[in-house]
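S.K.: All chains, full assembly: derive it from the sequences and hints.
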Amino acid sequence: MSSALPHRSEEPWYKQGWPWFLLALPATAVVAGFITLWIAVESWDGLVVDDYYKEGKAIHMTLARSQRAHELGLAAGVGIRAEGIRVALTTGEGVRPPPTVVVTLSHPTRAGHDQVLLLKGSNGVFTGPIEPVSAGRWLIQIEDESRTWRMNGTAYLPAETEIRIVPADS
Numbered sequence: 000m001s002s003a004l005p006h007r008s009e010e011p012w013y014k015q016g017w018p019w020f021l022l023a024l025p026a027t028a029v030v031a032g033f034i035t036l037w038i039a040v041e042s043w044d045g046l047v048v049d050d051y052y053k054e055g056k057a058i059h060m061t062l063a064r065s066q067r068a069h070e071l072g073l074a075a076g077v078g079i080r081a082e083g084i085r086v087a088l089t090t091g092e093g094v095r096p097p098p099t100v101v102v103t104l105s106h107p108t109r110a111g112h113d114q115v116l117l118l119k120g121s122n123g124v125f126t127g128p129i130e131p132v133s134a135g136r137w138l139i140q141i142e143d144e145s146r147t148w149r150m151n152g153t154a155y156l157p158a159e160t161e162i163r164i165v166p167a168d169s
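In terms of numbering that gives the first Met the number 0, the sequence shown has 166 at position 167, counting the first letter as 1, and numbering is strictly consecutive.
Keep in mind that the hints are not guaranteed to be accurate.
[Claimed, not checked] Computed cross-link-like contacts, DMTMM-like style, restricted to lysine to aspartate or glutamate with a CA-CA straight-line distance of at most 25 Å:
{"#": "1", "residue 1": "Lys56", "residue 2": "Glu144"}
{"#": "2", "residue 1": "Lys53", "residue 2": "Glu130"}
{"#": "3", "residue 1": "Lys53", "residue 2": "Glu92"}
{"#": "4", "residue 1": "Lys56", "residue 2": "Glu142"}
[Unchecked claim] Just the calculated beta-carbon pair ranges, DEER-fashion:
{"#": "5", "residue 1": "Trp19", "residue 2": "Val40", "range": "28 to 38 Å"}
{"#": "6", "residue 1": "Glu41", "residue 2": "Gln114", "range": "56 to 66 Å"}
{"#": "7", "residue 1": "Trp37", "residue 2": "Thr108", "range": "48 to 58 Å"}
{"#": "8", "residue 1": "Gly93", "residue 2": "Leu117", "range": "58 to 68 Å"}
{"#": "9", "residue 1": "Glu144", "residue 2": "Ile38", "range": "17 to 27 Å"}
{"#": "10", "residue 1": "Val40", "residue 2": "Val94", "range": "19 to 29 Å"}
{"#": "11", "residue 1": "Pro107", "residue 2": "Gly76", "range": "19 to 29 Å"}
{"#": "12", "residue 1": "Gln140", "residue 2": "Val30", "range": "40 to 50 Å"}
{"#": "13", "residue 1": "Pro107", "residue 2": "Trp17", "range": "26 to 36 Å"}
{"#": "14", "residue 1": "Arg109", "residue 2": "Val30", "range": "25 to 35 Å"}
{"#": "15", "residue 1": "Trp37", "residue 2": "Pro157", "range": "47 to 57 Å"}
{"#": "16", "residue 1": "Lys53", "residue 2": "Arg109", "range": "52 to 62 Å"}
{"#": "17", "residue 1": "Thr35", "residue 2": "Leu117", "range": "17 to 27 Å"}
By construction, these hints were calculated from the structure, which means they are not laboratory data. No residue lacks a Cβ here, since even glycine has one placed at the ideal position from N, Cα and C.
M.R.: Shown next as C-alpha cells:
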C-alpha cells in the first residue's frame, strides 16, 4: 500500500505571510518602546523631589518669608504685557521699598519656560522686559534681593494681565 503525497511547491519562508505577521507583533512593541522612551526623555517635567526632608525644611522657611512680607505690610500690583512687566510695590508705614526685586515667573508644569527677573526701580515701581509667555496659569513670586521676604500670586494669561498680590497672614 503505497500512497503518494500530493506535490507541494516549496516557497521560501520569507515569501509567505504568516512568518511576517508573527514577526510584526514583537517588532511593533520594540518600536513603540523606543518612541515612548524618546517622549519620556524629551518631555521630562522634573516634578519628583528626591529629598523630602530638605523640601519640608524649605517650606517652613518659605512660610516665614511670607509672614515677614505680611509684617512689613507689603502688597504688589503686577502688570504683564508682551513688552515687559511692571511691579508696583506698596509698603507699610515707615518701611522703604527695596531698590531691587527678584520676580520669578514659573509655569507649573514646564520648567523650561520659567523666567527669573532682577528688576531695578525707584519709589516702589519696578519695570523690565520679559520673554513672551504662553497662555495658561503662571505662578508669580516677588522677593527682595536678599531673600528676607516673599510674596506669591497666580495669573491666568492672557486673561489676567493686571493682578494684585498680598501676602497671606499665617
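S.K.: Next step is simple, just say for each hint if it's right about the structure.
M.R.: Hints versus structure:
1. Lys56 / Glu144: With a Cα-Cα distance of about 21 Å, the restraint between Lys56 and Glu144 holds, given a limit of 25 Å.
2. Lys53 / Glu130: Roughly 32 Å separates the two Cα atoms, so the pair is violated.
3. Lys53 / Glu92: Not satisfied, since the Cα-Cα distance of roughly 36 Å exceeds 25 Å.
4. Lys56 / Glu142: Since the Cα atoms of Lys56 and Glu142 sit roughly 19 Å apart, the hinted pair holds (cutoff 25 Å).
5. Trp19 / Val40: 28 to 38 Å: holds (31 Å)
6. Glu41 / Gln114: 56 to 66 Å: Given a distance of about 21 Å, which is not inside 56 to 66 Å, the answer is violated.
7. Trp37 / Thr108: 48 to 58 Å: violated (19 Å)
8. Gly93 / Leu117: 58 to 68 Å: Given a distance of about 26 Å, which is not inside 58 to 68 Å, the answer is violated.
9. Glu144 / Ile38: 17 to 27 Å: Given about 39 Å between the Cβ atoms, the range is violated.
10. Val40 / Val94: 19 to 29 Å: violated (48 Å)
11. Pro107 / Gly76: 19 to 29 Å: holds (22 Å)
12. Gln140 / Val30: 40 to 50 Å: Holds - the Cβ-Cβ distance for Gln140 and Val30, about 43 Å, lies within 40 to 50 Å.
13. Pro107 / Trp17: 26 to 36 Å: violated (51 Å)
14. Arg109 / Val30: 25 to 35 Å: holds (28 Å)
15. Trp37 / Pro157: 47 to 57 Å: violated (32 Å)
16. Lys53 / Arg109: 52 to 62 Å: violated (24 Å)
17. Thr35 / Leu117: 17 to 27 Å: violated (40 Å)
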